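Colleague: Whole structure, please, built from the sequences with the hints as guidance.
Just so we're aligned, residue 12 is where the first sequence starts under our numbering, counting upward by one.
Mixed in with the good hints, there may be bad ones.
Restricting the straight-line Cα-Cα distance to at most 25 angstroms, the calculated cross-link-like pairs of lysine-lysine (PhoX-like) are [claimed, not checked]:
hint, residue 1, residue 2
1, 478, 289
2, 650, 628
3, 159, 226
4, 289, 264
5, 161, 264
6, 350, 373
7, 373, 398
8, 226, 215
Hints are computed from structural coordinates only; laboratory data are not their basis.
Owing to the predicted nature of the structure, the values given are computational and were not obtained by experimental measurement.
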Amino acid sequence: MARSSSEVPAARLPVEKLERAQALEELARLAGEIAHHDTLYYQNDAPEISDADYDALRRRNDAIEARFPDLVRDDSPSRRVGAAAADGFGKIRHRVAMLSLANAFADEDVAEFVQRIRRFLGLEAGASVEMTAEPKIDGLSISLRYEKGKLIEAATRGDGTEGENVTANVRTISSIPQRLVGADVPAVIDVRGEIYMSHADFAKLNAAQEAAGGKVFANPRNAAAGSLRQLDSRITASRPLGFFAYGWGEAPKLPAETQSGVVAAFARWGLPTNSEMKVCDGAEALLAYYRAIGARRATLGYDIDGVVYKLNRLDLQQRMGFVSRAPRWAIAHKFPAEKAMTVLRDIEIQVGRTGALTPVAKLAPVTVGGVVVSNATLHNEDEIRRKDVRPGDTVVVQRAGDVIPQIVGVVVEKRPLDSAPYQFPHVCPACGSHAVRELDEKSGEADVVRRCTGGLICPAQRVERLKHFVSRNAFDIEGLGEKSVQVFYEGGFIQSPPDIFTLEARDRAGEVAIANLEGWGEQSVRKLFAAIDQRRRVALDRFIFALGIRHVGETTARVLARAYGDAGEFRRAMIAASDRDGEAWQELNNIDGIGKVVASAIVEFFAEPANVDVVDKLLAEVSPEPLEAIAATSPVSGKTVVFTGSLVRLTRSEAKAQAERLGAKVSGSVSKKTDIVIAGADAGSKLKKAAELGVTVMSEDEWIALIGD
DNA sequence: ACCCCTCGAGTTCT
DNA sequence: CTCGAGGGGT
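Modeller: Written out as structure tokens, the structure is:
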């Protein structure tokens, strides 16, 4: 990368002679200067100074910070690693995660959703359930933090846990108040909402962009996103962005007891809210609302991709809680997907980390719902046969849920005369091993997926396992994404996960030379090493998830982390569990959510010496930390409890969620490790077993009294 | 022996 | 996001 004119700052005082005030001033200047060069280097690919000069700047910054540790700035270059510097925005951790919503497409889904709520809350079939209904704005979700009524911070959704700090840009949006007014404005509240661009403003902006020879945006959503993510706030200020407040994150004190009440308070405080929001009762009313909004979709003046329904009463919302990453008390009812026709050029076979062969349709690029689509999954062998999709076919493509493209069907009339049904390969395209469809033990039926039998021999599987290891919910190493992992694997630098953590040592020893790779300068290598070091301490559930054991995803990994508490103990127990008559195997199977298949998969993983070797080498490099106790002080924390019989005051899932929130381990079966059995009506064998083992048994009421609810 | 719900695995594009 | 399969209850 060519570095042209060098601009070494004028000679300055040696660090040890600096006065405090001078240091303060210089750190500020260095932060700005280094950020500037980072932008040029990473974003524009057009550095102004040499690597050596850049390093000199950073070294001076570090030296001054070392002498005046209390002067280290929040935006200090030494604190920024990898992506944060690369994209110019700092990161903000959401105090309460920004979740996604479950989706409904058909009317039945909505009816089911309402039914599910009634069932969960123990209401009768026709009972009244107030819900809010509002348009789902197609923009960007944002979290605005107001303290004492003043706008303090604004963050994008990001991965839901951590977003980008876009405070400076959000301050330029005139529809977002800098200050909330009203007697009931709380001391602290994260207001959540959607930033969007109206149709009229979008048209105006694009006309202006075109006239100026600038970039024309594909749709209002992209225009809004592009405007918000400007590094120069002045550009954001010039863009007409709108905002609707519809929810909240951390909010210790809410101004009302219903969803609609809180949103009404938002409006009183000066926040823009959507005037289309209504309170409805019952599935029919929701569907009527959906159809009415759908009919007016084009005249609303802004893009929407559906309607959102939320349970109105906040106490009921709380009772229902969450499933994985979405609330159980809300759902997005999406408008039907847009369709398009295109030619399927070829079918490519991809190999996943478990060896699954997945066919992907390579399409002639076509615009569907505002984005250009050129790939679509065909899922599996049977799916191809069912739809009789062949290379050369003209196919109908749609974006399901407006996101993932899928092939709806083939236009048979347009099929070339010489086409023949597609033959799914029986060997792995990556390693040539046999690819088979495993047979189910009991039914003898073939698995839907065809899998490469190569295991660790297969380069594709090895790379995929590495990608999984560094992925967002696993080790999440900044600057080491899918692409770089691939490059490092091919370069022979990283063969398996532990190699990641020995990379720096080997680089120093001259065994590998990352800086020789294209696109890897001295600075990016340094940042990568720093990012890797940051992950030497990692939560145990992430560690277990990262191993990539079959059938062990995020949730199961968390369950295992909770159950064993410590990586060494987990390793020991899983090896011991290979004895299917032993206690360790029993204990594993007793964990709620783990059955024979999952237990076997874990034991088989640890029966493979190569896998144990990976775990051991990893444990030499990283320290997995136990999960934070959820509520160390509750009377049931650390206790193993089993629910049995039919509960009256709580539903089963409520009871389980609540117990876990209080730090209890909920198990599915009674063993001598069980502390409490909560027996509802008609409890059967589990109650008997509890009596045999002398385990404490209590009624539902006693349990509720114990946890003090 | 079924049935329902939840979880895992794989995929797209910006 | 969707599909398939595992887990657990009836």
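Colleague: Now look at each hint and say whether the structure bears it out.
Modeller: Quick rundown of the hints versus the structure:
no., hint, verdict
1, 478 x 289, "violated, 45 angstroms"
2, 650 x 628, "violated, 33 angstroms"
3, 159 x 226, "violated, 40 angstroms"
4, 289 x 264, "holds, 24 angstroms"
5, 161 x 264, "holds, 16 angstroms"
6, 350 x 373, "holds, 17 angstroms"
7, 373 x 398, "holds, 16 angstroms"
8, 226 x 215, "holds, 13 angstroms"
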